[in-house]
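Colleague: Now for the letters of each chain:
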Amino acid sequence: MVSGYAGATLAEHVWHSLRLVVVGFFCAALAGIPLGLLMGYNRPAEALINPIFSLIRPIPPLAWIPLAILWLGLGDAAKVLVIWLAAFVPSVINAHTAVRGIDGALFAAARMLGAPRLRMVTEVIIPGALPMIFTGLRLSLQAAWTTLVAAELVGALMEVGFVLNVAQQDIYPSMILVGMVTVGVLGWLTTKGLVSVERMALARWPQGRS
Amino acid sequence: MQNLSLSPGRATALALISLALFLAFWFVIPASGLVSEQFLPGPVAVVERVVQLISQPFAGATLPEHLLSSLGRFLGGFLLAALIGVPLGLMMGWFPTMDAIAAPLLDGLRFIAPIAWVPFAALWFGTGIGGPIMIIFAGAFPPCVINAWQGARCVDIRLIEAAKMLGTSNFGMITRVIMPASIPSIIAGLRISAGLGWQSLVGAELIVASTGVGFMMVQAQANIAASTVVAGMVSIGLVGLIIDILLRRLERAVTQGKQA
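Listed in order, the protein sequences are those of chains A and B.
With the working numbering applied, the first sequence corresponds to residues 14 to 223, in that order.
With the working numbering applied, the second sequence corresponds to residues 16 to 275, in that order.
What the hints contain is simulated information worked out from the structure, not anything from laboratory work.
Treat each hint with caution, since some may be false.
[Stated by the list, open to error] Distance windows between CB atoms, simulated:
#1 85(A) to 41(B): 15 to 25 Å
#2 195(B) to 70(A): 47 to 57 Å
#3 214(A) to 22(B): 43 to 53 Å
#4 195(B) to 32(A): 42 to 52 Å
#5 88(A) to 31(B): 46 to 56 Å
#6 69(A) to 69(B): 18 to 28 Å
#7 187(B) to 123(A): 54 to 64 Å
#8 53(B) to 123(A): 47 to 57 Å
#9 69(A) to 53(B): 38 to 48 Å
#10 190(A) to 79(B): 16 to 26 Å
#11 88(A) to 53(B): 33 to 43 Å
#12 40(A) to 31(B): 23 to 33 Å
#13 79(B) to 218(A): 33 to 43 Å
[Unchecked claim] Covered by chain A, per the in silico footprint, the following chain B stretches (three or more residues, Cβ under 8 Å):
#14 37-49
#15 74-83
#16 131-145
#17 178-192
#18 237-245
#19 253-262
[Said to hold, decoys possible] Straight line, CA to CA, 25 Å or less: simulated SDA-like cross-link-like pairs of lysine to any residue:
#20 205(A) to 219(A)
#21 179(B) to 106(B)
#22 205(A) to 106(A)
#23 205(A) to 117(B)
#24 205(A) to 144(A)
#25 205(A) to 118(B)
#26 205(A) to 106(B)
#27 205(A) to 217(A)
#28 205(A) to 161(B)
#29 205(A) to 124(B)
#30 205(A) to 69(A)
#31 205(A) to 27(A)
#32 179(B) to 111(B)
#33 205(A) to 120(B)
#34 205(A) to 122(B)
#35 205(A) to 40(A)
#36 205(A) to 85(A)
#37 179(B) to 194(B)
#38 205(A) to 121(B)
#39 205(A) to 127(B)
#40 179(B) to 122(B)
On a predicted model such as this, the values are computed, not experimentally measured, just so you know.
Glycine is no exception: its CB is placed at the ideal position from the N, C-alpha and C atoms.
Assemble the whole structure, with the sequences as input and the hints as a guide.
Modeller: The structure is reproduced here in structure tokens:
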């Protein structure tokens, strides 16, 4: 931990990996949730976007790694791109289904009461879709960590995954185990963090608000 | 949900427009020289490359050969996961002690990404067949266990009581009462685990394999052969889709057979 391995201490490796996951995950959520909400609410948008989405979706995110490296080199940019891709899909799908699951009567009532578009979004769509959006975010976060490990194993210099790879070449099982456990703990901790954000958000926009 | 839903005709038209736009963009961007063909091959180049790869070997084998070795590994890992995971899940659903022992272990392992096993897999089983199979197993195993367990927990209590009254043994209980009743849940789990297994396989092959589509893509990336990389992506997507469709068929056949 203090003496360092593969060119950096565990704390440095962890910091570097965590940053990649957080950046990829946030960009994915910021792009994916609005897109999913739009697809759920607007039928023409859905008809336009869905075919492209279902064309790209069967390709596993990990299969993008070689192309990402080809485009962006072995640095962090390629990893963030792949993490973004992996986290993007669950965000979109869950936001999309979430809006579809909102009771149609709520929309009809809001429209009848003359709610303007913006209030429709803040008062009907967001509270109604929030629980499922968070389910999607949890899946996204998990996908982000899985992808990070793969991306770092394929080609990296200073991350947790890289420690795994170096340790394997040195045949140093206890170091491999440290790497695996660290990845597991980080995944667990970030999920915990997300769950507490979810709790706060659900308290702020409760579902049955009058 | 908007009340104004689209007519089927308009929906199809919009879908066609979007696919046409997608293809057009994909075609125009490299063709116009905005991005070099070397980095983003157009659709025509990719199709040409796929056709070429069918007869012409790359990285030691043709595309069908790479696909076959990937599929062989996938089947090995997936079947192993199903053969161990499903009975384990059913037993966990039936024996409370078993559940108490295995559940915390599985919960802990769930947070470790399948790909994180790669170094151990390579160390223990090598990079030929054993290592990748272990990674697929790590990806495909949890859904098998979890769904079999859930299925076993949801069996109608009256069935269990009737069987108990008739003096069914533990073994008979699992094979003749719990398993048949949990088949739909088990098959749903197999679908999830096939998807995860196929994904893990791709990841494993990128890192440790010496044949297979993933290996082909890494070699292509090292040689800056983007059209081969994209050809690999397309074939991985297609095979994954076919696996999913087959399992969905099976799922439908089983649920319909149950209703009949």
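Colleague: Hints first: check each against the structure and report whether it holds.
Modeller: A quick look at each hint next to the structure:
no.: 1; hint: 85(A) to 41(B): 15 to 25 Å; in the structure: holds (19 Å)
no.: 2; hint: 195(B) to 70(A): 47 to 57 Å; in the structure: violated (34 Å)
no.: 3; hint: 214(A) to 22(B): 43 to 53 Å; in the structure: violated (37 Å)
no.: 4; hint: 195(B) to 32(A): 42 to 52 Å; in the structure: holds (50 Å)
no.: 5; hint: 88(A) to 31(B): 46 to 56 Å; in the structure: violated (39 Å)
no.: 6; hint: 69(A) to 69(B): 18 to 28 Å; in the structure: holds (24 Å)
no.: 7; hint: 187(B) to 123(A): 54 to 64 Å; in the structure: holds (57 Å)
no.: 8; hint: 53(B) to 123(A): 47 to 57 Å; in the structure: holds (52 Å)
no.: 9; hint: 69(A) to 53(B): 38 to 48 Å; in the structure: violated (22 Å)
no.: 10; hint: 190(A) to 79(B): 16 to 26 Å; in the structure: violated (39 Å)
no.: 11; hint: 88(A) to 53(B): 33 to 43 Å; in the structure: violated (19 Å)
no.: 12; hint: 40(A) to 31(B): 23 to 33 Å; in the structure: holds (31 Å)
no.: 13; hint: 79(B) to 218(A): 33 to 43 Å; in the structure: violated (53 Å)
no.: 14; hint: 37-49; in the structure: violated (count 1)
no.: 15; hint: 74-83; in the structure: violated (count 0)
no.: 16; hint: 131-145; in the structure: holds (count 7)
no.: 17; hint: 178-192; in the structure: violated (count 0)
no.: 18; hint: 237-245; in the structure: holds (count 4)
no.: 19; hint: 253-262; in the structure: holds (count 4)
no.: 20; hint: 205(A) to 219(A); in the structure: holds (21 Å)
no.: 21; hint: 179(B) to 106(B); in the structure: holds (16 Å)
no.: 22; hint: 205(A) to 106(A); in the structure: holds (22 Å)
no.: 23; hint: 205(A) to 117(B); in the structure: holds (23 Å)
no.: 24; hint: 205(A) to 144(A); in the structure: holds (16 Å)
no.: 25; hint: 205(A) to 118(B); in the structure: holds (20 Å)
no.: 26; hint: 205(A) to 106(B); in the structure: violated (30 Å)
no.: 27; hint: 205(A) to 217(A); in the structure: holds (19 Å)
no.: 28; hint: 205(A) to 161(B); in the structure: holds (21 Å)
no.: 29; hint: 205(A) to 124(B); in the structure: holds (16 Å)
no.: 30; hint: 205(A) to 69(A); in the structure: violated (30 Å)
no.: 31; hint: 205(A) to 27(A); in the structure: holds (17 Å)
no.: 32; hint: 179(B) to 111(B); in the structure: holds (16 Å)
no.: 33; hint: 205(A) to 120(B); in the structure: holds (19 Å)
no.: 34; hint: 205(A) to 122(B); in the structure: holds (15 Å)
no.: 35; hint: 205(A) to 40(A); in the structure: holds (20 Å)
no.: 36; hint: 205(A) to 85(A); in the structure: violated (32 Å)
no.: 37; hint: 179(B) to 194(B); in the structure: holds (15 Å)
no.: 38; hint: 205(A) to 121(B); in the structure: holds (18 Å)
no.: 39; hint: 205(A) to 127(B); in the structure: holds (15 Å)
no.: 40; hint: 179(B) to 122(B); in the structure: violated (31 Å)
Consistency note: the structure conflicts with the earlier hints numbered 2, 3, 5, 9, 10, 11, 13, 14, 15, 17, 26, 30, 36 and 40.
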